[in-house]
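2 protein chains.
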Amino acid sequence: MKRKQTSTGANAQLLARVRALSHRAVRDREDSFWIEGIRQFVQAYDARFDFSAVVYSPVLLKSSLAEMLLRRLAAAGVPRFKVSPEEFRSVGAALHASGVGAIVRQRWTPLDVAARRSGLGWLIVESIRSPGNLGTMLRTAEAAGMTGVIFVGSQCDPFDPVVVRSCMGGMFPLPMVRATPEQLATWGMRDGVQFVGLSPTADRLWTQGPSGPKVAIVLGEERSGLSAAMQKLCTTTVRLPMTGTADSLNVAMAASVMMYEFVRRAQPPN
Amino acid sequence: MKRKQTSTGANAQLLARVRALSHRAVRDREDSFWIEGIRQFVQAYDARFDFSAVVYSPVLLKSSLAEMLLRRLAAAGVPRFKVSPEEFRSVGAALHASGVGAIVRQRWTPLDVAARRSGLGWLIVESIRSPGNLGTMLRTAEAAGMTGVIFVGSQCDPFDPVVVRSCMGGMFPLPMVRATPEQLATWGMRDGVQFVGLSPTADRLWTQGPSGPKVAIVLGEERSGLSAAMQKLCTTTVRLPMTGTADSLNVAMAASVMMYEFVRRAQPPN
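Chains as they are written, first to last, in the working numbering: chain A, 1 to 270; chain B, 1 to 270.
Certain hints may be false.
What the hints assert, rightly or not - Which residues of chain A face chain B? A few of them, derived with a C-beta cut under 8 Å, are: (1) Thr243; (2) Leu249; (3) Val257; (4) Tyr260.
Hints listed in this document are in silico derivations from the structure and should not be mistaken for laboratory results.
Note that CB positions come from ideal geometry on N, CA and C, so glycine has one too.
Please work from the sequences and hints to get the whole structure.
Written as structure tokens, this is what we have:
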């Protein structure tokens with residue numbers, strides 16, 4: 001009986017910790033975030049994220065792949081917590097409780113390290129209001145093959161549960177960087193990186209800007225656009241043509257079109 | 001006192017009707033839908049939608065443009081219902097109640113009529129599970145300048161409140177059509193329209209398919225893809241390259257990239 005009680009106490013403590021991770025301040029302080037569902041779990045495992053604790057409900061879990069990964073993580077010494085379906089649902093946000101979740105360490109790549117990578121080009125996010133938009137954008141960045149995503153300042157949190165959910169873990173393999181406009185300016189000077197802002201008032205079309213491994217697409221906030229510091233950094237701005245009465249494209253759509261313009265130009269000629 | 005009571009009774013009746021319009025069956029039967037907020041209201045007015053009734057709360061409404069349109073609609077004989085902030089909030093879904101909403105007639109363009117229009121090309125939607133994705137896609141279609149959007153069968157409802165909300169009324173100027181695969185086949189034969197399916201297993205890249213006013217991009221359901229009837233119709237399929245571990249792009253992102261490929265090719269040469 002004693003053992004059982006201890007276990008329940010440990011579960012309650014862990015579930016409280018999971019709930020607390022829905023708050024930005026707690027995520028920042030613990031340098032961790034919560035993932036949930038088979039897809040996110042497998043993606044985080046494959047991308048070699050560092051698991052702090054695994055939560056599972058054998059009654060709910062219906063994936064032999066997830067079960068195998070659970071065993072591997074346990075063998076590697078990651079604490080795991082067996083919970084009831086009710087306990088799992090008390091922290092799970094998904095409509096259909098998958099029965100698997102984990103507390104995972106956030107992973108940030110320093111700009112200097114990331115800068116050594118080569119890839120299709122960079123995506124820089126200054127501030128995106130909607131976590132759903134940010135998640136979709138990260139999913140496209142990974143699919144398109146962008147080198148990495150750089151967040152200016154600390155406003156955006158890619159480890160927000162809504163972001164993670166809306167990209168379905170698709171962002172995990174993508175290197176993520178935090179940098180100040182000053183650090184970006186230094187990087188630009190040192191490595192010859194060009195910053196291209198997306199702005200509805202730009203003269204040049206999105207097809208007329210530079211692209212490639214040494215180019216970074218810079219996205220500002222949905223309504224207010226880029227800050228003065230980031231505007232100063234952008235040597236080029238481009239726009240997507242809009243007809244009709246539409247006054248703006250959804251920022252995630254605009255970002256996707258820009259990233260696939262990079263993909264298009266990187267294709268070998270026919 | 002009698003007049004006041006009548007007015008309250010009329011309000012209650014109208015608000016019940018508004019609430020009922022959240023159900024697809026009621027929207028279909030009444031051939032109407034509910035719009036809410038200044039932006040949707042102005043967009044629907046500008047696109048000359050047919051207003052059946054206007055609901056407004058003078059206490060909440062803070063837009064002189066909306067107030068002017070309200071007066072114009074009243075002068076044109078559209079019944080208007082003045083409600084309290086509480087009454088308005090009882091039907092409003094927006095976080096910040098704007099104080100203006102309306103019951104508007106749905107507008108469908110017959111395929112034969114729409115087919116006479118010229119534009120950038122067509123978007124055909126067979127079945128999109130997420131109304132948010134559909135709304136974002138419609139907003140991009142309008143911004144890109146697509147000729148119109150054709151819905152295959154009756155599964156998708158562009159007048160679903162979530163669709164309307166997520167495209168912020170941006171879809172209103174866009175002609176919307178319903179057609180069967182048979183009608184589309186006849187149209188294709190008669191007008192030489194080519195149907196291009198988007199499929200992750202296609203051999204050709206998205207840049208290698210046809211584009212232009214006589215080309216229709218065909219999008220299937222997020223997971224299951226195109227039906228057999230629509231696959232048969234598509235003479236070409238194209239794919240967007242995906243690298244890394246991503247197994248799919250969000251359907252609205254893929255659609256946006258495809259539509260902007262049409263925009264790109266329609267640009268005059270430099």
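Exercise. When the hints from earlier in the document are held up against this structure, which numbers fail?
Worked result: Result: no hint breaks.
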